[in-house]
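J.: Start from the sequences, fold in the hints, and give me the full structure.
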Amino acid sequence: MRSVFGLSAYLITVVAIVAITIRSLELYRRIKAGQADPTRSNQKTKRFILMTKEVLTHAKMLKFTGSGIAHWFVMLGFFALSGTLLNAYGQVINPEFALPLIGHWIVYNLFTESFAWLTGISIVTLIGIRQVTRITNKGRSSRFYGSASWKAYYVEGTILAIVFCVITLRGLEGALVGYSGNPWDFALSKPA
210 MRSVFGLSAY
220 LITVVAIVAI
230 TIRSLELYRR
240 IKAGQADPTR
250 SNQKTKRFIL
260 MTKEVLTHAK
270 MLKFTGSGIA
280 HWFVMLGFFA
290 LSGTLLNAYG
300 QVINPEFALP
310 LIGHWIVYNL
320 FTESFAWLTG
330 ISIVTLIGIR
340 QVTRITNKGR
350 SSRFYGSASW
360 KAYYVEGTIL
370 AIVFCVITLR
380 GLEGALVGYS
390 GNPWDFALSK
400 PA
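The sequence shown runs 210 to 401 under our numbering.
Think of the hints as simulated: they come from the structure by calculation, not from any bench.
Do not take every clue at face value.
Subject to a maximum C-alpha distance of 30 angstroms in a straight line, what follows is the list of computed DSSO-like cross-link-like pairs (lysine-lysine) [as the list claims (entries may be wrong)]:
{"no.": "1", "residue 1": "Lys255", "residue 2": "Lys269"}
{"no.": "2", "residue 1": "Lys241", "residue 2": "Lys360"}
{"no.": "3", "residue 1": "Lys241", "residue 2": "Lys253"}
Across the chosen pairs, the derived CB separations fall in these ranges [as the list claims (entries may be wrong)]:
{"no.": "4", "residue 1": "Glu263", "residue 2": "Ala307", "range": "47 to 55 angstroms"}
{"no.": "5", "residue 1": "Ala307", "residue 2": "Lys255", "range": "36 to 44 angstroms"}
{"no.": "6", "residue 1": "Ala225", "residue 2": "Tyr362", "range": "15 to 23 angstroms"}
The model shown is predicted, which means the values in this text are computed figures rather than measured ones.
Ideal Cβ positions, reconstructed from N, Cα and C, are used throughout, including at glycine.
T.: Now the structure itself:
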């Protein structure tokens, strides 16, 4: 049975990679069809540093508002929780699988659990803000006017599902080993 789940997970991944490749090529062709910007390659180092700073600090969006901080945690959650995806692929075949070097490191495990919870709280906050805004600001005054709501619901649902899976898998990992060892190993995912 385990091999069926493993094969299914890996086949779905292959299909997803093919779909991403096709869409990426379409996007590349569309961008390439536009007029070239000769100034774009000037000051590559400065532009790269600025872009990296913008991504990591989320400076334009953050501005220390509730929605800015929540968006920042959700964005960082994509990077912080990527290791849990690799770990889950290994666990499909072997439930006791852990990432080499860091899989049993308390600091890494506490980091991923913390980010899973922060990402979950943040996406629920953003969902709440969007729903309240949708109700209170109708028509053209809404910042979501004209947008396809189903796409936002899909993204929000996907992020919630990822967070739920990460926290659940951490709890199941703890149950598998009987929560023995350091109490910090499963500090935020151990069932009561």
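J.: Each hint needs a verdict: does it hold in this structure or not?
T.: Each hint tested on the structure:
About 18 angstroms separates the Cα atoms of Lys255 and Lys269, which keeps this hinted pair within 30 angstroms; it holds. For the given pair, Lys241 sits about 26 angstroms from Lys360 by alpha-carbon distance, which is consistent with the 30 angstroms threshold. Distance check on the hinted pair: Lys241 and Lys253 sit about 19 angstroms apart at the alpha-carbon level, within 30 angstroms; holds. Between Glu263 and Ala307 the CB atoms are about 34 angstroms apart, so this pair departs from the stated range of 47 to 55 angstroms.
A hinted range of 36 to 44 angstroms holds for the C-beta pair Ala307 and Lys255, which are about 41 angstroms apart. At about 20 angstroms, the CB distance of Ala225 to Tyr362 agrees with the hint of 15 to 23 angstroms.
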